[in-house]
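Using the sequences and the hints given, assemble the complete structure.
Quick mapping for you: the protein sequence lines, in order, are chains A and B.
Using this note's numbering, the letters of the first sequence correspond one by one to residues 1 to 209.
Using this note's numbering, the letters of the second sequence correspond one by one to residues 210 to 383.
Hints should not be assumed to be uniformly reliable.
Covered stretches of chain A (in silico footprint by chain B; criterion: 3 or more residues with CB under 8 Å from a CB of chain B, positions within the stretch not fixed) [said to hold, decoys possible]:
1) 66 to 72
2) 151 to 159
Heads up, incomplete: computed chain A residues facing chain B, CB under 7 Å, no partners named [to be verified]:
3) 11
4) 13
5) 58
6) 59
7) 186
8) 190
9) 194
Rather than coming from a laboratory, the hints here were simulated on the basis of the structure.
By construction, the Cβ of each residue, glycine as well, lies at the ideal position given by its N, Cα and C atoms.
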Amino acid sequence: MSAPTIDAPAVKVLNRADLTKRLVARLTHDEAVVAGIGNTNFDLYAAGHRPQNFYMLGSMGLACPIAFGVALAQPERGVIALEGDGSILMALGCLATIGMVKPRNLTIVIMDNGIYQITGKQQAATAVTADIVAIARGAGIANSHWIRDEAHFDALLARRFEEGGPALLAAKIDDKPGTAQTPRDPALIRHRFMQGLGTGRASALDGNP
Amino acid sequence: MAWSDTFLRILKQNDVRLVSYVPDNVLTPLIGGAAADNYFMSVGATREDEALGTLAGAYMGGLRGVVMMQTSGFALIANALASLIVPYQIPAVLVVSERGTMGEFNIGQATVARTMRPVLDSIAVQHHTLTDESTMPFIVDKSIKQAFATQSPVVFILSPLLTGGNPLAAAKLK
Chain A
1 MSAPTIDAPA VKVLNRADLT KRLVARLTHD EAVVAGIGNT NFDLYAAGHR
51 PQNFYMLGSM GLACPIAFGV ALAQPERGVI ALEGDGSILM ALGCLATIGM
101 VKPRNLTIVI MDNGIYQITG KQQAATAVTA DIVAIARGAG IANSHWIRDE
151 AHFDALLARR FEEGGPALLA AKIDDKPGTA QTPRDPALIR HRFMQGLGTG
201 RASALDGNP
Chain B
210 MAWSDTFLRI LKQNDVRLVS YVPDNVLTPL IGGAAADNYF MSVGATREDE
260 ALGTLAGAYM GGLRGVVMMQ TSGFALIANA LASLIVPYQI PAVLVVSERG
310 TMGEFNIGQA TVARTMRPVL DSIAVQHHTL TDESTMPFIV DKSIKQAFAT
360 QSPVVFILSP LLTGGNPLAA AKLK
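Take a look at the structure:
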């Protein structure tokens, strides 16, 4: 097997929970965050629930398309997709769509541990040959970068998320599992997310009869 | 008025602006009509489940959408329907042009088409087969309103009886 084709000279292996906390700390304009199935959304939840968080409990691979839809609907709001490497490998076509439409308010963060951690640490193509940043650039997302270390991540996040996109940031991470379990209540997750985005129905139950 | 013009008019009446699709011959007038009308935001997708994800995100962001596909594409979306659209109660409007019947020449299309209604029935997703222009406006308008009122998806299957079917298939069967 050949070595990983990472372009950054010395990419440090980072930690998903830590990176997610760093990201959430940067969110000061009610940015929407859509987190993919499994560990990515577990660590988003662990970083502290926000009304603008969406946790995906199935539909592996659709975090970026969902975030893309939010970005289209609310072009003035920054939208961030958190996705794993196995998940994005399942849905590479969406990078071509995003690269073509170029929503300036969409940022994608890929947590790349090179394994399907949650199903038993089976190796993914990203551990061997597949380079998510190169794939994203090839799909038309020119603003795609490997994260060199924590400081580099912080520096790339020091911007307003409603502009400058689409961007894709990929981090090589360790094999640690997610640090919490998101409550599995899809209807509640959608309802709260929509309230966080200002699109939810006012609760009819709160009004006078 | 062509069936496709009527369909687009009903989408407008119901504030359905996002049109996400994977192309199909039979859908060409719908896709082309939406692309030519600034009211609609047309976005091609690389896969049908990607289109459904985009629709779900757009809906939660306040933008109503429709996803258009052909029957073989429908066979790719069982997971997106069963683990995203249905449990999260997303009122997705789906339009599926029906291949595989009434003059199909491709056995693969004919076989995959037979999976569609059983899959929809098994997860209790409402579907209507549109066969003629006289009943189509009522069915489509009322069913879209029901979808948004009840937070549920609805699928419109475009029968060859409505659309005339795939012109390519007609040519091959001569």
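Hints and how they fare:
Given as covered by chain B, the stretch 66 to 72 of chain A passes the check, having 7 residues with a CB less than 8 Å from a CB of that chain where 3 are the minimum. Here the stretch 151 to 159 of chain A counts 0 residues with a CB under 8 Å from a CB of chain B, which misses the bar of 3, and the coverage is violated. Nearest Cβ of chain B to the Cβ of residue 11 of chain A: about 29 Å, over the 7 Å cut. The hint is violated. Annotation: interface hint on residue 13 of chain A violated; nearest CB of chain B at approximately 30 Å, more than 7 Å.
Hint on residue 58 of chain A holds. Least Cβ distance to chain B is approximately 2 Å, under the 7 Å limit. Hint status for residue 59 of chain A relative to chain B: holds, with the closest Cβ pair at about 4 Å, below 7 Å. Contact between residue 186 of chain A and chain B, as hinted, is supported at the beta carbon level, the nearest pair being about 4 Å apart and thus within 7 Å. Of the supplied interface hints, the one on residue 190 of chain A holds, with its beta-carbon coming within about 5 Å of a beta-carbon of chain B, less than 7 Å.
The criterion of a C-beta within 7 Å of any C-beta in chain B is met by residue 194 of chain A, whose closest approach is roughly 5 Å, and the hint holds.
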